[in-house]
Amino acid sequence: MNAAAIKKIVESILFVVDTPLSLDRICTILEEFGRDDIRMAIDAITNDCNCQERGIELVQVAGGYQFRSRPEFADYIRRLKKAKPARFTPSALETLAIIAYRQPLTRAEIEYLRGVDSGGILKSLLDKKLIRIIGKKDIPGKPLIYGTTREFMETFNLKDLASLPTLREIEELAESDSDDEQAPLPLLEAE
Amino acid sequence: MNAAAIKKIVESILFVVDTPLSLDRICTILEEFGRDDIRMAIDAITNDCNCQERGIELVQVAGGYQFRSRPEFADYIRRLKKAKPARFTPSALETLAIIAYRQPLTRAEIEYLRGVDSGGILKSLLDKKLIRIIGKKDIPGKPLIYGTTREFMETFNLKDLASLPTLREIEELAESDSDDEQAPLPLLEAE
Amino acid sequence: MPESTQSQLFDEKDNIAYQVRIEAFEGPLALLLHLIKKNEVDIYNIPMAAISRQYLDYLDVMQELNLDVAGEFLVMASTLIQIKSQMLLPQITDPALDDDRIEDPRAELVRRLLDYERYRDASILLAARDVLERDVFARNFVSAEFDAFPAEETLPEIEIFELVDAFRRILAKAPRESFHEVGSENISIADRISDILEFLQGKEAVEFEELFAGSNTREYIVASLLAVLELCRLRMIRILQFETYGRILVKNAVIQSADTVME
Chain R
2 MNAAAIKKIV
12 ESILFVVDTP
22 LSLDRICTIL
32 EEFGRDDIRM
42 AIDAITNDCN
52 CQERGIELVQ
62 VAGGYQFRSR
72 PEFADYIRRL
82 KKAKPARFTP
92 SALETLAIIA
102 YRQPLTRAEI
112 EYLRGVDSGG
122 ILKSLLDKKL
132 IRIIGKKDIP
142 GKPLIYGTTR
152 EFMETFNLKD
162 LASLPTLREI
172 EELAESDSDD
182 EQAPLPLLEA
192 E
Chain D
2 MNAAAIKKIV
12 ESILFVVDTP
22 LSLDRICTIL
32 EEFGRDDIRM
42 AIDAITNDCN
52 CQERGIELVQ
62 VAGGYQFRSR
72 PEFADYIRRL
82 KKAKPARFTP
92 SALETLAIIA
102 YRQPLTRAEI
112 EYLRGVDSGG
122 ILKSLLDKKL
132 IRIIGKKDIP
142 GKPLIYGTTR
152 EFMETFNLKD
162 LASLPTLREI
172 EELAESDSDD
182 EQAPLPLLEA
192 E
Chain F
-12 MPESTQSQLF
-2 DEKDNIAYQV
8 RIEAFEGPLA
18 LLLHLIKKNE
28 VDIYNIPMAA
38 ISRQYLDYLD
48 VMQELNLDVA
58 GEFLVMASTL
68 IQIKSQMLLP
78 QITDPALDDD
88 RIEDPRAELV
98 RRLLDYERYR
108 DASILLAARD
118 VLERDVFARN
128 FVSAEFDAFP
138 AEETLPEIEI
148 FELVDAFRRI
158 LAKAPRESFH
168 EVGSENISIA
178 DRISDILEFL
188 QGKEAVEFEE
198 LFAGSNTREY
208 IVASLLAVLE
218 LCRLRMIRIL
228 QFETYGRILV
238 KNAVIQSADT
248 VME
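Residue numbers (my numbering), protein chains in the order written: chain R, 2 to 192; chain D, 2 to 192; chain F, -12 to 250.
Don't read these hints as lab results, they were simulated from the structure.
Note that beta-carbon positions come from the ideal geometry of N, C-alpha and C, so glycine has one too.
Treat the hints with care, as some may be off.
Computed cross-link-like contacts, DSBU-like style, restricted to lysine-lysine with a CA-CA straight-line distance of at most 35 Å [claimed, not checked]:
1. K129(D) with K130(R)
2. K138(R) with K143(D)
3. K129(R) with K143(D)
If you want the footprint, here are the derived chain F segments under chain D, 3+ residues with CB under 8 Å [unchecked claim]:
4. 98 to 104
5. 217 to 229
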């Protein structure tokens, strides 16, 4: 089968599902096609979305590929969607960042890093499926250990955990524009 | 705004909704654009899908427009469905949870806790090999006794049943008196 | 200054929302970082006296405003005072060591502050990403073409938290008397029940002691004993003893059959 046909098939299966599909998964489903051909089809679709007059793009997220609307059209789409977008409190974001970078880790470890009780936030992040219980740590008391989920990567548009900015990059970024990073706290803004 | 931009916006909107959108509806959402421009955008998208190497098409259905995968790729989509992990219904989850935490127990005991007939769900959990019949209880009626399986442990990546989180551990999270429900992140609010 | 902002905000007495916002410092570390930045001091050389005083002033303001000062803020206050007093003490130096090898009493605090700042910055970057359902949208449903095919039975994807949470919800609405014993705390008893049943499978009878052979920890023995008692209660095993102080035998009372089917 020629490249154009494979491209069409790959587009159709990426279109019909509600989750990102990994290259492995696509190759298993389209077993009669070579992995290289499928990879080329994905690249061609990605390229088409970027070069033609398109409102969507093919992004790499949570270890797979998924069509997503372009961020510049968010305003129009929000008019159509009734549900309000999920909002994250600074506490939730802090906790998520700590878990994302330090996983697997226990509640006590999270609380040491944050300096505050984090039980309620952990519960709410579990409810939202942004974090998961990975198991129990093999130390006295056998505390639960937490990690992030596929939904976390999907929500924050992350290809994989390795694509999180490194902590060194963050430090450099913070040094370059130190004080403006304080903005989220209303108290600080008012100075 | 030029025709290309309107086309992109219309595509992104049609792409992310789960129902067909009528021309009227699209015009209401994109109130700043003229009806003729929107109609032209729809025509252009329809045409692109047909002329370029695409796996989806824009069809007119139920008085509106909707993207669909091309019917000739149905077979690939069927394979994809086959490979997709099943979604768990809330009742199945409830029943599995009761068995996991209270095993070994009988159907009557499960139904007492759930308050509803659970025969069908038990059958489906047995089929999925998440639970098993441990034996029959030696009391009148000889009811079957249920417990979880090795597959259950593998599904949840559990070393043993003792690694299941306890109710107390979850309740401790929920109880913890924290400020996670405070004001939303100003960063996000500022939209 | 925070103080002036607060009094200004609190002039609007009817605006409850501000009362929540005012304690927007996520915790003591955030407050300390703020004070360090505001005073433009070197984080590696924090002037403890000045910073502790400002920190305590802030707590006073919060208390005056009847804001609930979380325990963590108070713990940090005592840590700050402790560090401050440690620094006032003459350093007992070991002549064999270089001076800079004595750990600065502030060292752990500085490490925590730097760590905290890093993760807070990371969280700001996280929020600035193209968040799904806020900035970008995907098809969060499957198409009708896909749904039209019959579902195959494959193993579901569920998280362990969903399981325990489901159980928690059931218990919350379940009839009261079902709360007795076999609590989830005893979950290792469930393991032992499962193991014992497996062990008994296909055997006529086993010696009581054999059921405890797996380990000799107190916890294991207690769990095993409770498992045996529970199995007796459920009438899934029988315990036999033919003479006083004689051998105790455990017999499987469960009717095993390979072709057991659903009722």
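Decide if the proposed pair is consistent with the structure: K138(R) and K143(D), CA atoms, cutoff 35 Å inclusive. The given pair, whose Cα atoms are some 41 Å apart, is violated under the 35 Å limit.
With the threshold set at 35 Å, check whether the alpha-carbon distance from K129(R) to K143(D) stays at or below it. The hint is violated at about 42 Å.
Claimed coverage, the stretch 217 to 229 of chain F by chain D - three or more beta carbons nearer than 8 Å: holds (count 3)
Within the assertion that chain D covers the stretch 98 to 104 of chain F, do at least three residues meet a Cβ-to-Cβ distance smaller than 8 Å? violated (count 0)
For the pair supplied as a hint, K129(D) and K130(R), is the alpha-carbon distance within the 35 Å limit? 24 Å, holds
Consistency with the previously given hints fails for numbers 2, 3 and 4, ordered from lowest to highest.
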